[in-house]
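Chain residues, written in single-letter form:
Number of protein chains: 6
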Amino acid sequence: MRILVANANTTEAITALCADAARAAAAPGTEILAATPRFGVAVISTRAENAIAGHALLELLAEHAGQIDAAILAVSHDTALEAARQLMPCPVVGMTEAACLTACLLGARFGLVTLGGTETYRELIGRHGLAGRLSGLEGVAMTPQQAVAEPAAAEEAVLRGALRLVEGGADAVVLGGAALAGMAARLAPRAPVPLLDGMACGVKLAEALVALAPPKPRAGSLAAPQGRATGGLSPALTRLLLGG
Amino acid sequence: MRILVANANTTEAITALCADAARAAAAPGTEILAATPRFGVAVISTRAENAIAGHALLELLAEHAGQIDAAILAVSHDTALEAARQLMPCPVVGMTEAACLTACLLGARFGLVTLGGTETYRELIGRHGLAGRLSGLEGVAMTPQQAVAEPAAAEEAVLRGALRLVEGGADAVVLGGAALAGMAARLAPRAPVPLLDGMACGVKLAEALVALAPPKPRAGSLAAPQGRATGGLSPALTRLLLGG
Amino acid sequence: MRILVANANTTEAITALCADAARAAAAPGTEILAATPRFGVAVISTRAENAIAGHALLELLAEHAGQIDAAILAVSHDTALEAARQLMPCPVVGMTEAACLTACLLGARFGLVTLGGTETYRELIGRHGLAGRLSGLEGVAMTPQQAVAEPAAAEEAVLRGALRLVEGGADAVVLGGAALAGMAARLAPRAPVPLLDGMACGVKLAEALVALAPPKPRAGSLAAPQGRATGGLSPALTRLLLGG
Amino acid sequence: MRILVANANTTEAITALCADAARAAAAPGTEILAATPRFGVAVISTRAENAIAGHALLELLAEHAGQIDAAILAVSHDTALEAARQLMPCPVVGMTEAACLTACLLGARFGLVTLGGTETYRELIGRHGLAGRLSGLEGVAMTPQQAVAEPAAAEEAVLRGALRLVEGGADAVVLGGAALAGMAARLAPRAPVPLLDGMACGVKLAEALVALAPPKPRAGSLAAPQGRATGGLSPALTRLLLGG
Amino acid sequence: MRILVANANTTEAITALCADAARAAAAPGTEILAATPRFGVAVISTRAENAIAGHALLELLAEHAGQIDAAILAVSHDTALEAARQLMPCPVVGMTEAACLTACLLGARFGLVTLGGTETYRELIGRHGLAGRLSGLEGVAMTPQQAVAEPAAAEEAVLRGALRLVEGGADAVVLGGAALAGMAARLAPRAPVPLLDGMACGVKLAEALVALAPPKPRAGSLAAPQGRATGGLSPALTRLLLGG
Amino acid sequence: MRILVANANTTEAITALCADAARAAAAPGTEILAATPRFGVAVISTRAENAIAGHALLELLAEHAGQIDAAILAVSHDTALEAARQLMPCPVVGMTEAACLTACLLGARFGLVTLGGTETYRELIGRHGLAGRLSGLEGVAMTPQQAVAEPAAAEEAVLRGALRLVEGGADAVVLGGAALAGMAARLAPRAPVPLLDGMACGVKLAEALVALAPPKPRAGSLAAPQGRATGGLSPALTRLLLGG
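Residue numbers (my numbering), protein chains in the order written: chain G, 28 to 271; chain S, 28 to 271; chain Y, 28 to 271; chain W, 28 to 271; chain D, 28 to 271; chain C, 28 to 271.
The hints are simulated quantities; they were obtained by calculation from the structure and are not laboratory data.
All of these numbers come straight from a predicted model, not from anything done at the bench.
Wrong hints could be hidden among the right ones.
Computed Cβ-Cβ distance ranges for the label pairs, DEER-style [claimed, not checked]: (1) S:Ala-40 / G:Ala-51: 39 to 47 angstroms; (2) S:Gly-259 / Y:Gln-94: 21 to 29 angstroms; (3) S:Pro-262 / Y:Glu-182: 25 to 33 angstroms; (4) W:Gly-258 / D:Pro-116: 27 to 35 angstroms; (5) D:Gly-93 / G:Ala-256: 47 to 55 angstroms; (6) W:Gly-258 / D:Gly-93: 54 to 62 angstroms; (7) W:Ala-54 / Y:Arg-217: 42 to 50 angstroms; (8) W:Ala-246 / S:Gly-259: 45 to 53 angstroms; (9) C:Arg-213 / G:Ala-256: 27 to 35 angstroms; (10) Y:Glu-194 / W:Pro-178: 50 to 58 angstroms; (11) S:Pro-216 / G:Glu-177: 53 to 61 angstroms; (12) W:Pro-178 / Y:Asp-47: 35 to 43 angstroms; (13) G:Ala-158 / D:Glu-39: 41 to 49 angstroms.
Using 25 angstroms as the maximum straight-line C-alpha spacing, the simulated SDA-like pairs for lysine to any residue come out as follows [stated by the list, open to error]: (14) W:Lys-243 / D:Arg-217; (15) S:Lys-243 / G:Gly-196; (16) G:Lys-243 / G:Met-28; (17) Y:Lys-243 / S:Glu-182; (18) S:Lys-243 / S:Thr-257; (19) G:Lys-243 / G:Ala-53; (20) Y:Lys-243 / W:Arg-266; (21) D:Lys-243 / D:Ala-92; (22) D:Lys-243 / C:Glu-183; (23) S:Lys-243 / S:Arg-255; (24) Y:Lys-243 / S:Val-70; (25) S:Lys-243 / G:Asp-96; (26) C:Lys-243 / D:Ala-92; (27) C:Lys-243 / D:Arg-154; (28) Y:Lys-243 / W:Ala-218; (29) G:Lys-243 / G:Asp-96; (30) W:Lys-243 / W:Ala-54; (31) Y:Lys-243 / S:Ser-72; (32) D:Lys-243 / D:Arg-154.
The C-beta atom is built at its ideal place from N, Cα and C for all residues, glycine as well.
Whenever a hint applies, use it, and build me the whole structure from the sequences.
Shown next, in the form of structure tokens:
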């Protein structure tokens with residue numbers, strides 16, 4: 028089984044970090060590929076950057092259509108997730124979506140801790156229809172760059188945020204942010220509830236979907252595009268939108 | 028990996044049907060065990076029957092605590108799901124929960140088709156916090172017994188229900204009901220969107236959780252019971268509630 | 028009129044406490060009976076214990092079917108409330124449900140103060156569809172046993188919780204927990220808004236329902252069970268599920 | 028115990044109809060008074076009429092402050108309900124509110140059938156925070172005047188609406204509209220679920236509240252007005268707003 | 028274009044304050060008229076006062092029907108807003124509604140700061156269906172009278188409240204309360220997000236509606252009243268309810 | 028005042044149609060500019076196409092930053108609306124957002140009629156937080172191309188959809204879809220409630236926002252990007268993301 032880890036940030040180091048976290052979680056027969064978009068923003072942090080990244084991500088995915096069994100979006104905003112799901116012939120999973128749905132399997136309500144502001148995560152979880160399962164959000168006052176520079180301090184701050192969420196009623200805590208990929212496993216021994224890593228959850232759910240082999244929808248809002256006239260798009264994207 | 032298919036109905040044939048559907052979905056290294064409760068109702072269909080089954084199911088699960096890696100509740104009401112999750116040292120997945128969360132990974136909104144009334148499914152999905160992802164419910168006017176007696180008619184009726192749900196905006200359709208275990212695969216070629224089987228989804232999600240190996244919570248509403256004084260319960264249940 | 032106070036905890040002292048609170052609120056012609064289940068947990072405090080208690084409670088209620096005019100569940104989790112409502116030929120009222128609905132008659136939003144954690148009450152009120160009327164929850168850091176041992180300290184702590192809820196917008200405050208039965212009347216002179224006792228409210232609402240004499244539903248999710256095949260259940264429960 | 032049936036329509040016949048329904052439900056020691064406002068609309072049916080009636084109703088209630096133990100608003104829009112609750116020193120119950128809360132005690136979801144349009148009832152139930160308990164609304168194409176002129180036809184139409192609601196998942200059905208006061212009892216033998224009459228439910232809940240004797244709030248949004256400077260209001264209303 | 032600023036408080040100074048704020052925002056061709064009701068409460072602050080003001084406001088508006096192009100309710104509770112909308116032949120805008128809808132055009136979530144308690148604003152925003160856009164509410168511990176007496180202190184307190192709301196996720200902040208009319212413009216230079224003044228927003232939205240020239244609805248819940256029999260109402264109100 | 032009508036479809040004819048509708052609604056001093064994106068899809072109709080269009084639209088808007096007073100997104104999916112709002116130094120309004128918010132000013136609940144499927148509009152209105160104001164959705168079985176080819180048939184079908192929405196409780200009806208720009212005015216005489224045109228509403232709300240002159244947020248989720256490192260983006264977009 029070949030799973031693509033598709034970054035939407037243009038920073039190769041984030042792609043590598045996420046791919047490593049994915050490989051650590053992958054089953055024996057699962058091969059993890061990784062890719063970084065051709066254009067966009069180094070580290071997505073605002074609405075405009077995320078909207079641009081949607082196009083970059085779809086272009087990146089389109090290049091792999093037919094060559095992979097599933098894709099995981101290695102961007103914590105689950106950028107263009109349902110667009111990707113509609114476009115691609117294979118399952119697509121968002122890393123934050125994956126962690127949140129896994130949290131739903133492990134507890135009644137979950138919290139999310141991230142670096143920086145929490146508003147866009149609140150919106151994302153609302154858009155996933157999971158607001159009723161969310162106990163709270165904690166933002167750590169560090170940028171992804173600072174977290175990489177001072178990993179021990181970042182881990183302490185994230186753990187403190189997770190503990191506050193547990194006090195507030197969380198049965199599980201999602202670590203939100205591509206820059207936190209892999210951290211959950213290191214903090215787990217010190218946390219009283221499960222900590223969920225988006226890449227690890229994403230790999231397991233992607234493997235599960237591939238095994239279930241759901242057919243590509245022929246109706247509804249995720250049916251593949253057919254005969255869409257386009258201009259100025261990459262050859263792979265143009266082809267997928269034309270269908271056939 | 029050993030996964031228990033735990034029925035909450037006392038009908039062995041349902042246990043066998045669900046275990047077969049689970050085995051069809053299991054990965055090579057996954058062993059499926061199956062068990063039927065000591066007391067309760069032959070085929071759960073009302074609120075009172077379901078409440079009784081909660082105790083029967085916990086008793087059944089308690090007997091397997093420590094001997095299994097995960098459990099799947101083979102009862103479409105996800106009976107006592109969070110109680111089981113709290114009680115057991117291993118992951119527990121509900122079959123309807125599993126199908127609904129998988130549907131969330133495959134589309135924007137999903138529908139559910141079942142035999143008989145739909146009110147309790149509406150409540151169940153609401154209790155799972157997924158009402159915002161539900162496009163509609165369809166009830167087929169057949170009992171589980173009739174569906175077993177006339178499988179072709181049941182399949183036609185379920186398919187018609189699924190098609191109505193697709194017209195109403197469903198990107199995926201959950202087949203709700205232990206008696207429908209295994210039917211999704213047979214109907215799939217004729218359905219324009221993925222049809223989700225609770226047992227198949229349950230096995231894949233249970234395997235995913237086992238692989239992720241989340242720690243048993245030490246805090247929150249799913250922390251294991253400790254030192255609970257009880258009376259009149261089975262030895263295994265008494266032991267688990269005492270903890271230690 | 029005969030009203031059964033049905034405990035779901037196996038502790039006789041709680042049954043007595045609740046029955047006393049019920050008698051204090053009962054109208055002249057109302058006779059209060061009280062009963063304790065045959066099996067279960069001494070003091071229910073977690074999800075698994077509550078699921079077990081559902082069966083115990085239904086068994087207890089079934090023994091009284093036909094001999095009482097109404098039942099009040101003397102357990103603050105409103106354990107198996109709608110199952111009991113479906114099973115029994117007479118009205119059934121939950122003590123927390125009763126207090127919350129009464130609070131709705133007395134103000135715009137209400138709060139709830141309890142001993143210990145608040146998550147299960149948040150869920151309960153959500154399940155009753157009253158989340159929009161809830162202003163907040165306060166948990167007092169005492170066990171029911173400690174509250175019985177130090178009643179003055181418990182009363183002070185509960186009052187402080189109630190006052191915080193009033194500051195947060197509560198027009199009325201529910202005292203949640205069977206162990207708090209009777210406390211509202213003692214604290215009332217010191218509280219700026221109505222404090223609601225589940226047993227007192229339960230008695231008045233049960234009396235109201237008995238006077239209204241609603242017919243037992245013949246359709247819908249609360250219609251009496253008919254011809255349900257069971258095994259291993261108590262004679263009374265078996266009989267009620269058979270119907271006829 | 029003295030309970031005031033306070034109409035907000037200026038039609039004496041509606042006041043009488045509601046008072047009769049209230050008396051039929053009242054306990055032996057309960058005296059039912061009835062009153063009609065000095066100004067307003069004969070039969071309230073639109074938003075503007077309802078807003079005007081709010082003032083008329085408060086003026087009417089103010090005249091009875093101190094002389095009654097509770098009031099029931101005999102207007103199905105629960106006109107100015109929380110304003111009345113804040114103004115008056117005694118409990119105030121709305122007739123539709125009372126029927127809806129009673130329905131919550133008798134089933135999982137309830138429906139409402141009324142004469143004419145249903146939008147304002149949808150809003151009212153939403154404002155009461157009970158939208159999650161509402162299964163549906165049915166409007167009968169008759170005016171209150173027509174229903175009075177052709178009672179048999181009205182009863183048939185209301186019953187048909189109730190049956191449609193039961194098919195749609197209602198465990199109980201509220202009859203909405205002052206003009207329907209008393210009809211529920213006549214239709215009950217032909218209905219498969221409880222039919223709820225606002226005046227009957229209102230009387231029983233008002234009696235329950237009087238027995239519970241909740242203190243008048245001294246804080247929160249229902250605390251009595253104090254020292255409010257007014258102009259052009261009736262003497263009784265002016266006095267109550269001044270407080271003291 | 029003639030726009031009426033209709034106060035629901037009987038205090039002329041508030042009318043003048045709001046009219047001044049409206050004139051400051053009006054387009055060149057817009058004439059601002061202002062009016063104060065004949066009866067009611069000097070400064071509306073509780074539920075009962077607001078219900079009375081609904082009638083006073085409709086009476087006031089009715090006197091201007093046919094002579095104005097739009098009306099703005101100069102009362103922060105948006106008193107009787109939809110009743111006024113139904114009654115009048117021209118557009119009617121509430122000042123808090125206007126500020127909240129404008130906030131929706133400028134950000135993802137907005138906060139509201141006001142003098143005194145916040146519960147009625149929470150309800151109002153919920154009734155407008157905008158609860159999902161509300162990030163939080165802040166109440167400043169001052170009465171409108173104190174704010175007028177100490178304007179500098181009031182401005183500091185309102186600004187501090189706005190800054191707390193920004194920390195809590197607000198992209199824009201509504202200043203709620205007729206007594207705050209005009210303050211937003213003075214605080215704007217010191218606020219990091221837009222501050223919204225109800226009168227200014229109301230004027231711009233009213234001008235927009237007049238330009239769009241929507242027809243008066245002939246169906247639905249805002250259709251003009253027709254042939255409504257009334258008693259004891261002002262001549263203008265009587266005439267409008269009669270229609271014709 | 029200069030307002031940009033920014034199409035996200037690459038079809039010039041749609042740009043022209045929307046610009047014409049905008050000009051018909053513009054105030055005397057308002058100049059309408061129009062622009063079509065450099066790349067993308069001829070007529071956006073699915074999720075993937077809409078995600079791509081987000082980037083195209085931001086690129087288009089960035090080219091006009093500093094030269095316009097406001098922008099209206101001439102695409103009924105309100106593509107990348109909040110991203111555009113964050114990116115641009117001036118107000119940005121979505122055409123469907125504008126029509127829905129205007130509908131909120133004119134009635135209690137509104138409906139929406141469009142060509143083709145309604146699921147994405149349901150999501151869009153949910154994302155705007157306005158689901159509670161939505162009475163229903165109607166999809167007309169025509170493509171935009173067919174509607175252009177057979178305008179009379181399209182108008183009849185849209186009108187029939189609007190009438191069904193009025194029966195279902197709509198006080199106003201939004202015409203959703205750039206291809207319907209201008210149709211509302213033609214159908215208005217035959218509709219019993221206001222029909223809302225996204226471009227007309229967008230122009231009036233944009234004019235209102237420009238007049239209010241809200242400052243660009245310096246905090247929150249809409250603060251301008253600052254110092255974002257990018258690659259492969261257009262010069263204008265690169266510049267705006269760098270800030271300065």
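Tested hints:
1. Between S:Ala-40 and G:Ala-51 the CB atoms are about 42 angstroms apart, so this pair conforms to the stated range of 39 to 47 angstroms.
2. About 23 angstroms separates the C-beta atoms of S:Gly-259 and Y:Gln-94, a value consistent with the hinted range of 21 to 29 angstroms.
3. Checked against the hint of 25 to 33 angstroms, the C-beta distance between S:Pro-262 and Y:Glu-182 comes to roughly 40 angstroms, which is inconsistent with it.
4. For W:Gly-258 and D:Pro-116, the hinted distance range of 27 to 35 angstroms is satisfied, since their beta carbons lie about 29 angstroms from each other.
5. Remark: the range hint 47 to 55 angstroms for D:Gly-93 to G:Ala-256 is upheld by a beta-carbon distance near 53 angstroms.
6. At about 27 angstroms, the CB distance of W:Gly-258 to D:Gly-93 disagrees with the hint of 54 to 62 angstroms.
7. At roughly 32 angstroms, the beta-carbon separation of W:Ala-54 and Y:Arg-217 lies outside the given 42 to 50 angstroms, and the hint is violated.
8. Taken as a hint, the range 45 to 53 angstroms holds for the pair W:Ala-246 and S:Gly-259, whose Cβ atoms sit roughly 47 angstroms apart.
9. With their beta carbons about 28 angstroms apart, C:Arg-213 and G:Ala-256 fall inside the hinted range of 27 to 35 angstroms.
10. For the hinted restraint 50 to 58 angstroms between Y:Glu-194 and W:Pro-178, the CB-CB distance of approximately 52 angstroms keeps it satisfied.
11. For the pair S:Pro-216 and G:Glu-177, the supplied restraint of 53 to 61 angstroms holds, since their beta-carbon distance comes to about 55 angstroms.
12. For the pair W:Pro-178 and Y:Asp-47, the beta carbons lie near 49 angstroms from each other, so the given range of 35 to 43 angstroms is not met.
13. In this structure the hint that G:Ala-158 and D:Glu-39 lie 41 to 49 angstroms apart at CB holds, the actual value being about 46 angstroms.
14. About 43 angstroms separates the Cα atoms of W:Lys-243 and D:Arg-217, which puts this hinted pair outside 25 angstroms; it is violated.
15. For the hint linking S:Lys-243 to G:Gly-196, the alpha-carbon distance of about 16 angstroms falls within 25 angstroms, and the restraint holds.
16. The hinted pair formed by G:Lys-243 and G:Met-28 meets the criterion: a straight-line CA distance of about 18 angstroms does not exceed 25 angstroms.
17. A distance of roughly 35 angstroms separates the Cα atoms of Y:Lys-243 and S:Glu-182; the hinted pair therefore is violated under the 25 angstroms criterion.
18. Annotation: proposed proximity of S:Lys-243 to S:Thr-257 holds, straight-line Cα distance about 23 angstroms (limit 25 angstroms).
19. A threshold of 25 angstroms between alpha carbons decides the hint, and for G:Lys-243 with G:Ala-53 the separation of about 24 angstroms falls inside it, so the pair holds.
20. The suggested pairing of Y:Lys-243 with W:Arg-266 is violated, with an alpha-carbon distance near 48 angstroms, which exceeds 25 angstroms.
21. Restraint check: the Cα-Cα separation between D:Lys-243 and D:Ala-92 comes to about 13 angstroms, which is no more than 25 angstroms; the hinted pair holds.
22. With a C-alpha separation of about 22 angstroms, the suggested pairing of D:Lys-243 with C:Glu-183 holds against the 25 angstroms cut-off.
23. For the suggested pair S:Lys-243 and S:Arg-255, the alpha carbons sit about 18 angstroms apart, so the restraint of at most 25 angstroms is met.
24. Of the pairs offered as hints, the one joining Y:Lys-243 and S:Val-70 holds, with about 23 angstroms between alpha carbons and a cut-off of 25 angstroms not exceeded.
25. At roughly 32 angstroms between alpha-carbon atoms, S:Lys-243 and G:Asp-96 are farther apart than 25 angstroms, so this suggested pair is violated.
26. Simply put, C:Lys-243 and D:Ala-92 have alpha-carbon atoms about 39 angstroms apart, too far for the 25 angstroms limit, and the pair is violated.
27. The suggested pairing of C:Lys-243 with D:Arg-154 is violated, with an alpha-carbon distance near 29 angstroms, which exceeds 25 angstroms.
28. With a CA separation close to 11 angstroms, the supplied pair Y:Lys-243 and W:Ala-218 stays within the 25 angstroms bound.
29. With a CA separation close to 12 angstroms, the supplied pair G:Lys-243 and G:Asp-96 stays within the 25 angstroms bound.
30. Straight-line distance between C-alpha atoms of W:Lys-243 and W:Ala-54 comes to about 24 angstroms, which keeps the hinted pair within the 25 angstroms bound.
31. With a C-alpha separation of about 18 angstroms, the suggested pair Y:Lys-243 and S:Ser-72 falls inside the 25 angstroms cut-off, and the hint holds.
32. Restraint check for D:Lys-243 and D:Arg-154: the C-alpha separation of about 23 angstroms stays at or below 25 angstroms, so the hint holds.
Hint compliance for this structure: hints 3, 6, 7, 12, 14, 17, 20, 25, 26, 27 are not met, and every other hint is.
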